[in-house]
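Participant: Sequence:
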Amino acid sequence: MHISEIFYSIQGEGTNIGAPAIFIRLAGCHLRCIWCDSKFTWDMKSGEEMSTAAIIKQIKKYPCKHLVITGGEPLIQQSGIKELLIELPGYYVEIETSGSLLPQINDLIDQYNCSPKLSNSKNRPINYSAVLPKFPQEKTWYKFVIDNKKDLKEVKTMIKKCGLSNEKIILMPQGITRKEIAEKSPWIAEICKKENWRFSTRLHIEIWGNKRGV
389 MHISEIFYSI
399 QGEGTNIGAP
409 AIFIRLAGCH
419 LRCIWCDSKF
429 TWDMKSGEEM
439 STAAIIKQIK
449 KYPCKHLVIT
459 GGEPLIQQSG
469 IKELLIELPG
479 YYVEIETSGS
489 LLPQINDLID
499 QYNCSPKLSN
509 SKNRPINYSA
519 VLPKFPQEKT
529 WYKFVIDNKK
539 DLKEVKTMIK
549 KCGLSNEKII
559 LMPQGITRKE
569 IAEKSPWIAE
579 ICKKENWRFS
589 TRLHIEIWGN
599 KRGV
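Okay, so the sequence shown: first residue is 389 according to my numbering, each after it adds one.
Be careful, since some hints might not be right.
Here are the simulated lysine-lysine pairs, BS3-like style, with alpha carbons at most 25 Å apart [what the hints assert, rightly or not]: (1) Lys538 / Lys505; (2) Lys453 / Lys527; (3) Lys505 / Lys433; (4) Lys505 / Lys427; (5) Lys549 / Lys505; (6) Lys544 / Lys572; (7) Lys537 / Lys567; (8) Lys541 / Lys572; (9) Lys599 / Lys541; (10) Lys449 / Lys470; (11) Lys445 / Lys505.
Label pairs and their computed distance ranges (CB to CB) [claimed, not checked]: (12) Gly597 / Glu437: 28 to 34 Å; (13) Lys453 / Ile595: 18 to 24 Å; (14) Cys580 / Ala407: 16 to 22 Å; (15) Gly478 / Ala518: 31 to 37 Å; (16) Cys580 / Lys548: 16 to 22 Å; (17) Gly478 / Gly597: 30 to 36 Å; (18) Glu583 / Glu436: 29 to 35 Å; (19) Trp575 / Gln466: 33 to 39 Å; (20) Lys582 / Thr403: 15 to 21 Å.
None of these hints come from the bench; they were simulated from the model. Don't be surprised by glycine CBs; every beta carbon is placed ideally from N, CA and C.
Whenever a hint applies, use it, and build me the whole structure from the sequences.
Facilitator: This is the structure we're talking about:
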């Protein structure tokens with residue numbers, strides 16, 4: 389697989405926030421979110437090609453059996469992920485994905501963290517109604533990056549159009565600095581209270597700032 393980095397940290401977003409985890413960041417992404425904090429992963433050639441054995445050797449260095457596979461867009465490399473996970477029984481596996489590619493490894497994944505891209509990302513339109521229903525509902529959470537209050541209408545439209553469970557919706561402030569996150573968190577949290585959605589901060593940014601390997 390083409391690997392951007394492997395590191396040990398805590399999960400900074402979503403339902404498992406604060407949990408120690410080994411992060412495998414894969415290279416390559418077909419999207420171009422303007423606020424992306426990992427643009428260094430976009431080009432597949434930016435990553436180091438590593439064998440399954442080499443990846444496992446590095447993973448085994450850490451005192452943890454919780455994997456977060458992120459990117460880039462990890463589902464570009466599903467065949468490599470499948471080969472890796474078959475060799476790693478006993479690990480809890482999360483995948484961070486845009487939800488724009490069909491999942492083909494559902495039986496090997498414990499949790500999908502889907503982050504459908506709203507228009508604030510400035511990507512080309514994505515037909516999410518054809519893809520998101522293919523993710524296993526019992527394993528999938530939907531995390532929306534919120535930049536302003538206008539985004540909420542778009543979130544509600546996608547929930548209805550794609551048949552998403554209201555109980556699996558997470559809102560997270562768009563921001564790659566502590567200041568941005570702090571400014572947006574209060575009003576986004578109030579929306580979550582009103583709609584009975586979950587709120588997620590970006591804990592790794594709050595602790596270490598916008599750095600690689602954390």
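Participant: For glycine 478 and glycine 597, compare the CB-CB distance with the range 30 to 36 Å and indicate the outcome.
Facilitator: holds, 33 Å
Participant: With the threshold set at 25 Å, check whether the alpha-carbon distance from lysine 445 to lysine 505 stays at or below it.
Facilitator: violated, 34 Å
Participant: Lysine 505 and lysine 433 were given as a pair; does the straight-line alpha-carbon distance stay at or below 25 Å?
Facilitator: Holds, at about 24 Å.
Participant: Regarding glycine 597 and glutamate 437, is the given constraint of 28 to 34 Å on their beta-carbon distance met?
Facilitator: The hint (28 to 34 Å, Cβ to Cβ) holds, given that glycine 597 and glutamate 437 are roughly 30 Å apart.
Participant: Given the hint that lysine 538 pairs with lysine 505, does the C-alpha gap stay at or below 25 Å?
Facilitator: Holds. Lysine 538 to lysine 505 sits at ~14 Å (cutoff 25 Å).
Participant: Take the C-beta atom of tryptophan 575 and the C-beta atom of glutamine 466, compute their distance, and say whether it sits inside 33 to 39 Å.
Facilitator: Since the Cβ atoms of tryptophan 575 and glutamine 466 sit about 37 Å apart, the hinted range of 33 to 39 Å holds.
Participant: Take the C-alpha atoms of lysine 537 and lysine 567, compute the straight-line distance between them, and say whether it is at most 25 Å.
Facilitator: holds, 18 Å
Participant: Could one say that the CB atoms of cysteine 580 and lysine 548 fall in the range 16 to 22 Å?
Facilitator: holds, 18 Å
Participant: Hey, lysine 449 versus lysine 470, does the alpha-carbon distance stay inside 25 Å?
Facilitator: Roughly 21 Å separates the two Cα atoms, so the pair holds.
Participant: Does lysine 572 lie within 25 Å of lysine 544 when you go C-alpha to C-alpha?
Facilitator: Judged against 25 Å, a Cα distance of about 19 Å means the pair holds.
Participant: Does lysine 427 lie within 25 Å of lysine 505 when you go C-alpha to C-alpha?
Facilitator: holds, 15 Å
Participant: For the pair supplied as a hint, lysine 453 and lysine 527, confirm whether the alpha-carbon distance does not exceed 25 Å.
Facilitator: Satisfied, since the Cα-Cα distance of roughly 18 Å is no more than 25 Å.
In this structure, the earlier hints numbered 9, 11 and 18 are contradicted, and the remaining ones agree with it.
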